[in-house]
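**Student:** What follows is each chain in one-letter form.
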Amino acid sequence: MNIELIVIVGLCLVLGLVLAGYDRVLRELNRLKKGREEINAEAREKAVRILESAREKAVEIVSEAKIGTLRESEDINRRLGEVSEQKLVEYKQMLQNISKSVENTAVRELSEYKKSLEMETSLGQKAVGERVVQELAEYKAAKVAQIDAQIAAAVKKITLEVLGRSINSEDQNKIIISALEKAKNEGLFD
Amino acid sequence: MKDYLTEILARVRTVEERVEFLAQLEEARSGNFLVGTRATDHRKKLEPWISKLPLKEVLSEMAEIGKWPVLRIFVPTSVDGQGIEMVSLWLRKNVDPKALVEIRIDKTNGMGPVFDYRGRIKDYSVKNRLDKYGI
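Protein sequence lines, in the order shown, are assigned to chains Z and G.
Here the first sequence is numbered in the working numbering, starting from 1 and rising by one per residue.
Here the second sequence is numbered in the working numbering, starting from 1 and rising by one per residue.
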């Protein structure tokens with residue numbers, strides 16, 4: 001009986017110790033959870049601050065860049081204007097020089113060509129004249145021969161047709177039989 | 001020679017006559033397989049001398065008749081019936097008893113015929129003689 005009571009008391013003590021330990025662990029867990037939430041909140045706040053700062057910096061950089069670009073553009077335009085005017089003057093001068101040079105060359109070459117042409121014309125005129133006369137004579141002879149041949153062919157055709165019509169049936173029959181005899185002797189029907 | 005062939009040769013002397021004769025034979029053949037009134041109608045369309053022929057035998061020789069030799073003659077003017085008769089008689093006596101004549105008009109030859117027999121040519125025209133002499 002005493003032993004049982006001692007065992008029960010012992011078990012109660014062990015249970016009390018376990019419960020105390022559990023309570024301590026639970027409190028520690030709550031403390032850590034709370035700490036983590038605080039850290040997260042602090043991190044979010046820091047991130048927001050960093051983003052805000054970065055945006056402001058970016059706006060500032062863009063503004064400075066715009067101002068710089070505007071100034072450089074104005075500068076470039078001004079310089080281009082200066083260079084263009086200078087080059088335009090030089091270009092006009094160069095064109096005038098070229099024009100004058102070309103004019104001089106053209107006048108000189110034209111004069112030389114005219115002289116050369118006059119010489120060739122006077123030398124070749126006689127030869128060309130002779131050649132043209134010869135070609136004309138040949139052309140005339142060829143044409144006359146062609147016309148003669150055409151007339152002869154036409155006369156022949158008409159003569160043959162008239163000859164063919166002039167023959168009567170009796171004579172034609174005799175000519176055919178006579179020709180048949182000749183053809184037989186010459187082996188047409190062999 | 002069979003009697004009906006002699007009869008045909010006496011009637012058919014030119015290529016044109018052969019064409020007409022063969023056309024009549026075709027008519028006879030189409031009617032030959034018919035009986036009654038329609039067969040009689042076909043027979044009425046034939047020339048009397050053809051309708052008297054032994055059509056069954058003649059029809060069996062249609063292809064042979066189509067092969068009879070032809071002498072083609074080119075002349076400046078047409079040849080009359082007497083001329084055809086003369087040429088046909090001469091041809092069948094001297095060359096082939098079944099030969100036919102075909103007359104073709106060629107006004108450019110002048111006088112004198114040109115013969116074409118089985119693809120062989122003999123030219124007795126005035127034009128040919130002038131050409132030979134270069135006239």
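You may find that some hints are simply not true.
[As the list claims (entries may be wrong)] The calculated lysine-lysine pairs, modelled on PhoX-like cross-linking and capped at a C-alpha distance of 25 Å, are:
#: 1; chain 1: Z; residue 1: K157; chain 2: G; residue 2: K98
#: 2; chain 1: Z; residue 1: K174; chain 2: G; residue 2: K122
#: 3; chain 1: Z; residue 1: K184; chain 2: G; residue 2: K93
#: 4; chain 1: G; residue 1: K67; chain 2: G; residue 2: K107
#: 5; chain 1: Z; residue 1: K126; chain 2: Z; residue 2: K114
#: 6; chain 1: Z; residue 1: K156; chain 2: G; residue 2: K107
#: 7; chain 1: G; residue 1: K107; chain 2: Z; residue 2: K157
#: 8; chain 1: G; residue 1: K56; chain 2: Z; residue 2: K174
#: 9; chain 1: G; residue 1: K98; chain 2: G; residue 2: K56
#: 10; chain 1: Z; residue 1: K184; chain 2: G; residue 2: K56
#: 11; chain 1: Z; residue 1: K182; chain 2: G; residue 2: K93
#: 12; chain 1: Z; residue 1: K182; chain 2: G; residue 2: K132
#: 13; chain 1: G; residue 1: K93; chain 2: Z; residue 2: K156
#: 14; chain 1: G; residue 1: K98; chain 2: Z; residue 2: K184
#: 15; chain 1: Z; residue 1: K156; chain 2: G; residue 2: K67
#: 16; chain 1: Z; residue 1: K174; chain 2: G; residue 2: K98
Treat the hints as calculated values from the structure; they're not laboratory data.
**Student:** Against this structure, judge whether each hint is valid.
**Tutor:** How the hints compare with the structure:
1. Z/K157 / G/K98: violated (37 Å)
2. Z/K174 / G/K122: holds (17 Å)
3. Z/K184 / G/K93: Holds - the C-alpha atoms of G/K93 and Z/K184 are around 12 Å apart, at most 25 Å.
4. G/K67 / G/K107: violated (29 Å)
5. Z/K126 / Z/K114: Given that 25 Å is the threshold and the Cα spacing comes to 19 Å, the pair holds.
6. Z/K156 / G/K107: Holds, because 12 Å separates the two Cα atoms, which is no more than 25 Å.
7. G/K107 / Z/K157: holds (9 Å)
8. G/K56 / Z/K174: violated (41 Å)
9. G/K98 / G/K56: Given pair G/K98, G/K56 holds - Cα atoms ~20 Å apart, limit 25 Å.
10. Z/K184 / G/K56: violated (37 Å)
11. Z/K182 / G/K93: Status holds; Cα separation ~15 Å.
12. Z/K182 / G/K132: Given pair Z/K182, G/K132 holds - Cα atoms ~18 Å apart, limit 25 Å.
13. G/K93 / Z/K156: Distance ~37 Å between G/K93 and Z/K156 Cα, so the pair is violated.
14. G/K98 / Z/K184: holds (17 Å)
15. Z/K156 / G/K67: It is violated: about 39 Å lies between the C-alpha atoms, which goes past 25 Å.
16. Z/K174 / G/K98: Status holds; Cα separation ~22 Å.
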